[in-house]
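S.K.: Sequence:
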Amino acid sequence: MNFSFQELALIAIALDDEEATTVKSKRRFSVHPTWQKREQEGEYHTLYKELLDDETQFYMYFRMTKECFALLENKLSPHLHKKYTFMKRAITPRERLAVCLRFLATGDSHMTISFSYRLGHSTVNKIVKETCKIIVDQLMSEVLPEMTTEMWKAVAEDFWLLWNFPNCLGALDGKHVVIEAPPNSGSLFFNYKSTFSIVLLALVDAKCCGLRR
1 MNFSFQELAL IAIALDDEEA TTVKSKRRFS VHPTWQKREQ EGEYHTLYKE
51 LLDDETQFYM YFRMTKECFA LLENKLSPHL HKKYTFMKRA ITPRERLAVC
101 LRFLATGDSH MTISFSYRLG HSTVNKIVKE TCKIIVDQLM SEVLPEMTTE
151 MWKAVAEDFW LLWNFPNCLG ALDGKHVVIE APPNSGSLFF NYKSTFSIVL
201 LALVDAKCCG LRR
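Note that the working numbering gives residue 96 to position 96 of the sequence shown, counting from 1, and the numbers run on in steps of one.
Any given hint could turn out to be false.
To be verified - DSSO-like cross-link-like pairs, simulated, lysine-lysine; straight-line CA separation at most 27 Å:
#1 Lys153 to Lys207
#2 Lys126 to Lys175
#3 Lys175 to Lys133
#4 Lys75 to Lys49
#5 Lys82 to Lys66
#6 Lys133 to Lys66
#7 Lys75 to Lys129
Stated by the list, open to error - Label-pair distances were calculated between CB atoms; the ranges are:
#8 Met111 to Ser194: 16 to 22 Å
#9 Ala70 to Glu130: 17 to 23 Å
#10 Ser197 to Glu150: 35 to 41 Å
#11 Trp152 to Ser194: 37 to 43 Å
To be clear, the hints were calculated from the coordinates, so they are not data collected in a lab.
All values reported here derive from a predicted model rather than from experimental measurement.
Just so it is clear, CB atoms sit at the ideal spot from N, CA and C, and this is done for glycine as well.
With the hints as constraints, model all of the structure from the sequences given.
M.R.: Here it is, written out as structure tokens:
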């Protein structure tokens, strides 16, 4: 599965992560020993550099090429930057982007990403939400611009020239995005795969680029 900027923006828009209710417990550590090993054992610090040497493996891991990742990082990095403090080193924009893209690429739980990257569960949750919002804010107008009459006419012409479909303004398809069942929702979000999900619908032109209704 290849992630274009259009698909990434659509997934970020559709993402509505429901938090499971957890029982609060007394904090024993300011930073848990597991998370203290982030720079020695975390997936970003141990695996990312190896992936850079193998285009195929990089693509399998992030669902995008190294060039696409670099372009995305360049566009979003100024907005992902966090200040370093005396008490805490900030997570770099590249690592924050890697965490979010890994989540979007795999659909793994925040807890799974938390352990693999050696980051707290709440930290992963916050990174994903903040990064998805930044993706939407910074890329929406670029990848999904408001359509004009002339643009719709061009879409219809492409469908006729490339696919022999007359008077076609887009191809529509959907994908189930797994979620935790919202409270008191019953079977409303239950699907045939025996999971709870919302359906992400995407409209694309004749060249498989996303369209904005």
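S.K.: Report the numbers of all earlier hints that the structure fails to satisfy, in ascending order.
M.R.: none
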